[in-house]
Amino acid sequence: NAGVMQNPRHLVRRRGQEARLRCSPMKGHSHVYWYRQLPEEGLKFMVYLQKENIIDESGMPKERFSAEFPKEGPSILRIQQVVRGDSAAYFCASSPTSGGARNEQFFGPGTRLTVL
Amino acid sequence: AQSVTQLGSHVSVSEGALVLLRCNYSSSVPPYLFWYVQYPNQGLQLLLKYTSAATLVKGINGFEAEFKKSETSFHLTKPSAHMSDAAEYFCAVSANTGNQFYFGTGTSLTVIP
Chain A
1 NAGVMQNPRH LVRRRGQEAR LRCSPMKGHS HVYWYRQLPE EGLKFMVYLQ
51 KENIIDESGM PKERFSAEFP KEGPSILRIQ QVVRGDSAAY FCASSPTSGG
101 ARNEQFFGPG TRLTVL
Chain B
1 AQSVTQLGSH VSVSEGALVL LRCNYSSSVP PYLFWYVQYP NQGLQLLLKY
51 TSAATLVKGI NGFEAEFKKS ETSFHLTKPS AHMSDAAEYF CAVSANTGNQ
101 FYFGTGTSLT VIP
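Chains A and B, in that order, are what the protein sequence lines are. Heads up, the first sequence is in this note's numbering, so the first residue is 1 and it goes up one at a time. Heads up, the second sequence is in this note's numbering, so the first residue is 1 and it goes up one at a time.
Don't take each hint at face value.
Derived BS3-like pairs (lysine-lysine); straight-line CA-CA distance at most 25 Å [stated by the list, open to error]:
| id | chain 1 | residue 1 | chain 2 | residue 2 |
| --- | --- | --- | --- | --- |
| 1 | B | LYS69 | B | LYS58 |
| 2 | A | LYS44 | B | LYS49 |
| 3 | A | LYS27 | A | LYS71 |
| 4 | A | LYS27 | B | LYS49 |
In case anyone wonders, no lab produced these hints; they're calculated from the structure.
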């Protein structure tokens, strides 16, 4: 049973370009979460999605960031017009359908974004 | 609202010594608590979780944690440190009011041979 898959593992962009980060949850998981980890800091929640729905985006910056989890295919975190401050590790996690907040979240290996 | 405080961003122990990593939480509702470990350039791996069953929780790799409601703590321990335990450890809390996890800032564990 494959774990949470993220690609690319490393992404380099110049200021003003777009970054697209992909996440495929574990088989049977319909909940996806995106977190950002800045250097020397813990993970900060960004967004929680279920298939075709954004459930909680309270941690997403209001501009330039968007996320989707379509009916088919991976979840995408999109950052438009990247700036140096967007450089971070972005982690995706997934959890099973039932159980709610007591469920552990399974984390992918992360995408390390570097903005030049 | 939920939050987590991890005291000590860096902890060093000798190989074979006791490991104690501290975690205190704040939650307005009964919490679910988790400890994750992160090795360099990797994702997070679950060590153990507390979901309101037994207050002493045993996890993988010989780690355990005790939920103490009166102290709002969930400290992680291991009787004897091994070199392979060197990593970053994160405590996290979630609650029925939402599915997001709130993470502490992490504790970097160094094991000295």
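Here is what the structure says about each hint:
no. : hint               : verdict
1   : B/LYS69 to B/LYS58 : holds (17 Å)
2   : A/LYS44 to B/LYS49 : holds (19 Å)
3   : A/LYS27 to A/LYS71 : holds (14 Å)
4   : A/LYS27 to B/LYS49 : holds (22 Å)
Violated hints: none; the structure is consistent with every hint.
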